[in-house]
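K.L.:
Go ahead and model the full structure; you've got the sequences and the hints to work with.
Chain by chain, the residues:
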Amino acid sequence: MSYCVNCGVELDNTAHSCPLCHTEINNPKQPIDLTSPTPYPRKKGELEVLKKRDSAIVTSVVLGSTALSCGLLNLFVFQNGRWSLYIIGACLLLWIFCIPILIYSKLPIFISIFLDGIAAAMYCGIIAYQYPGKGWYQNLAIPIILLTTILIEIFAIYLKMFKNSILSRACLFFAEVAVLCSGIEIFIDLYIKHNVSLSWSAVVLTCCSIIVVTLTTIIKQTRLRNEVRRRAHF
Amino acid sequence: MPKSHKKSTKDSWFELDLSATVYPTLQRRSFSSVYRISALLKEKVKPDLLQKALEMTLPRFPTFKVALRKGIFWRYLEPNNRPGPWVEQDIINPCMPMPFHANNHYLIRVYYYENRISLEVFHSLSDGTGALYLLRTLIAVYLRLQGYTIPNQNGVLDINQPPDPEELEDAYKRYATSKVRPPRKQEKAYRLHGTLEPFYTLNIICGIISVDTLLNVAKKYKVTITEYLNSVLIYALIQQQKSENHRKERPIKIAMPVSLRRFFPSKTLRNFITMVYPTIDPRLGDYTFEEIVTQVHYYMRYHINGKFLNADITTNAMTKSHPVIRIVPLFIKDLTVRSFYKRVQDLQSSAGLTNLGTIDIPEEMREHLIRFDVLMGQPFSPRTNCAIASLGNILTINFASSIVETSVEKFFFTKLVRDGVPVKIETNRNN
Ligand SMILES: [Zn+2]
Chain X
1 MSYCVNCGVE LDNTAHSCPL CHTEINNPKQ PIDLTSPTPY PRKKGELEVL
51 KKRDSAIVTS VVLGSTALSC GLLNLFVFQN GRWSLYIIGA CLLLWIFCIP
101 ILIYSKLPIF ISIFLDGIAA AMYCGIIAYQ YPGKGWYQNL AIPIILLTTI
151 LIEIFAIYLK MFKNSILSRA CLFFAEVAVL CSGIEIFIDL YIKHNVSLSW
201 SAVVLTCCSI IVVTLTTIIK QTRLRNEVRR RAHF
Chain F
1 MPKSHKKSTK DSWFELDLSA TVYPTLQRRS FSSVYRISAL LKEKVKPDLL
51 QKALEMTLPR FPTFKVALRK GIFWRYLEPN NRPGPWVEQD IINPCMPMPF
101 HANNHYLIRV YYYENRISLE VFHSLSDGTG ALYLLRTLIA VYLRLQGYTI
151 PNQNGVLDIN QPPDPEELED AYKRYATSKV RPPRKQEKAY RLHGTLEPFY
201 TLNIICGIIS VDTLLNVAKK YKVTITEYLN SVLIYALIQQ QKSENHRKER
251 PIKIAMPVSL RRFFPSKTLR NFITMVYPTI DPRLGDYTFE EIVTQVHYYM
301 RYHINGKFLN ADITTNAMTK SHPVIRIVPL FIKDLTVRSF YKRVQDLQSS
351 AGLTNLGTID IPEEMREHLI RFDVLMGQPF SPRTNCAIAS LGNILTINFA
401 SSIVETSVEK FFFTKLVRDG VPVKIETNRN N
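Those protein sequence lines, which keep their order, are chains X and F. Quick note on my numbering: the first sequence kicks off at 1 and runs consecutively. Quick note on my numbering: the second sequence kicks off at 1 and runs consecutively.
Calculated from the structure, these hints are not laboratory results. Just so it is clear, CB atoms sit at the ideal spot from N, CA and C, and this is done for glycine as well. One should not assume that every hint holds.
So, partial list: chain F residues that the calculated Cβ filter (under 7 angstroms) puts toward chain X [said to hold, decoys possible]:
no., residue
1, Ile225
2, Val421
3, Val423
4, Ile425
P.N.:
What follows is the structure, encoded as C-alpha cells:
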C-alpha cells in the first residue's frame, strides 16, 4: 500500500504518482508494481469511421447518370436545341453543393462557399451560352454572383474567426443586405440605363442603415444592451 | 421462446420517453449522452462466455435491443434485429460518442478488461436503474454459464419469461398528473474553467471507500450519504471558485438526477428520472461545511418528495404534449432544444452528481462480485461529473471529466480524508 504524502489518499500499487496532486510516489518499502495489470486498460478506443461514402456514391451516381442520359437523349432523340445543357449544369451544380456535406467534410467553409460561387457562375454561363443576349452574363450575372459570394464569405469569416453575439451578427447581416441590394440595383442600372440612380434599394438602404445604427448603439451601450435583453428575451 | 415474447420484440416500436427526447438532439461528432456501469468480478472475464450470455440476455430486454430512427416530428426506437452487439476489449477512454448508425445501429456496448465487465448505454434507452437490471441479469447469466446457480431475484430478471409490459412503459405519462406546473428558477451557475482535453479523452478518478466509515461520518452530521457527498462536492466547488479569484462569484449548483421509481411505483426499465439542483450561493457569505450540509439536507427534504417531483415532471410533460410543439418538424425541434440546452440548461449547473445507491444483488452473486462502478460519461461542457454506487461495504465515487485539471477531485477527496474517511484512488490518467 502506498499513500500520497500530500493528499493522504491510498494509491494503486501500479501508480507512479498521485493523480490528484501529481506528487511522485517514493515508498522504499513498496516499489512501484510494474507487472500487474493497471486498473484501467491502456488501449485507446476510436470510433469506426462512419461511411458517408455510401451516400456520396449514390448522389454522384444519380447526378452523373441523370446528366449522361439527358445528354444522350438530347444528342440522339430530342434534337431540338441544346436543352440537356441545363440539366447537366444543374447536376454539376448540385454535386458541387454536396461536396462539403457528403464527399469531403473537412473542406474549410470558405473554400466551399467559393466553389459554390464558381458553380453558380458556371450555371449562368451555360444559360448565357444558350441566350447570349446583350452581354448580360459579363455585366450582370458575374458581378452579382461575385458580390454575393464575397458578402457570404465575409459573414462566414466573421462567424468563424471572431467572437460574436447575436446582436453583432444581426448588425453585420443587415449591413450586408444593404450592400447587396444597392449593388444589385447599381449593376442593373449600369446594364440597362448606363447611369446610376438608386430607387428601391435606397429604401432598403435606409431601413438597414437605421437598423445597423440602432444595433451598433445598443452593442456599444451595455446598459441599453441589458435592457433589450430583458425586454426581448424569449 | 413464448410467442408473445417474440411478438413484442418484432412488431412494436417505442416512442422516446420524456427524458429520452433531449439526448439525441445534443449528439455531436464528439459527444453523445452515454454512461457506463461496470462490475468488478473476482475472476478474469471470459469473453466468449460473456458474448454468449449477452446473446441470451438481450432479447429479454426489448428496449435495449433497439435502433434510433428519425420520424417527421419525433425520433423513435425501433427493434433492432441486426447481428450484435459484440463484446469488445475495454479501452482507456470509456463513453466514447455513439453514432446512431455505427455498431450495427446498437445503442449499447459491452466491454471486458481483466476482471471487469462494463456496459455502456445511450441515455435515450434507459436511466441507470434500468441499465443496472440489464447488467445484473447479464452477469447472472454469465455466471450460470460457468456452472453457478443464481436465482432470478434482487435485480436479476428471468430471461425465460417474456418482458412485463410495465417494464416497457413510459412511466412519465402515467404519473404526470399535477394540477400546477411550477416555473423553473433559471440562474447561471458557477462553471469550471479548465483546459479541455483533446477529443477521445475521458479522465476518470475513482475513489474507493468503505460504506461503514462513510455512514459513521454522515451520521455525525445527521444526514444521509448522498446528502453528505453532495455537500462535499459543493464544498470542493466553492474552494475551486475561490481559488480562481473571480470578480463576481456565482452560485454552486449540483445537477442531481433522482430516480422517480421510489415515489411512483413502476417497473419501467426506461428513463424515469428528474433533476434536482442543490444550491449554495457563496455571494450570501462564507459557508462553513456544517452550514452546507444543513442547507443540502433541507433542500433534499423539501424537494425530493412525491408532490414536488410530480409537479416537476408535469411541467416537462406539458411542454412535450403541447399541440404546437408536437406538430413542429423534428429538425426545428432539434435546433430549439439544442440552443435551449446550450444557453439555459447546461449553464444551470456546476457539476453533476448521481447516486445509484446500494446495489441489490442475489446473495449467491456476492461471492463473485467485488464492486460496481458508475460513470456519468462525457460532460457536455468542460467540467467534471461524479457518480456513486455501492455494493456491500464498498462504495465507489467516479469522477469523469474532460479537462486536464484535477483540482475539484483533489478538494473533494482531501476533504473526505480530513473528515476521517480513508480513500483509495484509481485512475486512467497517464501518470
Ligand atoms: Zn496527492
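K.L.:
Of the numbered hints stated previously, which ones are contradicted by the structure, given in increasing order?
P.N.:
1, 2
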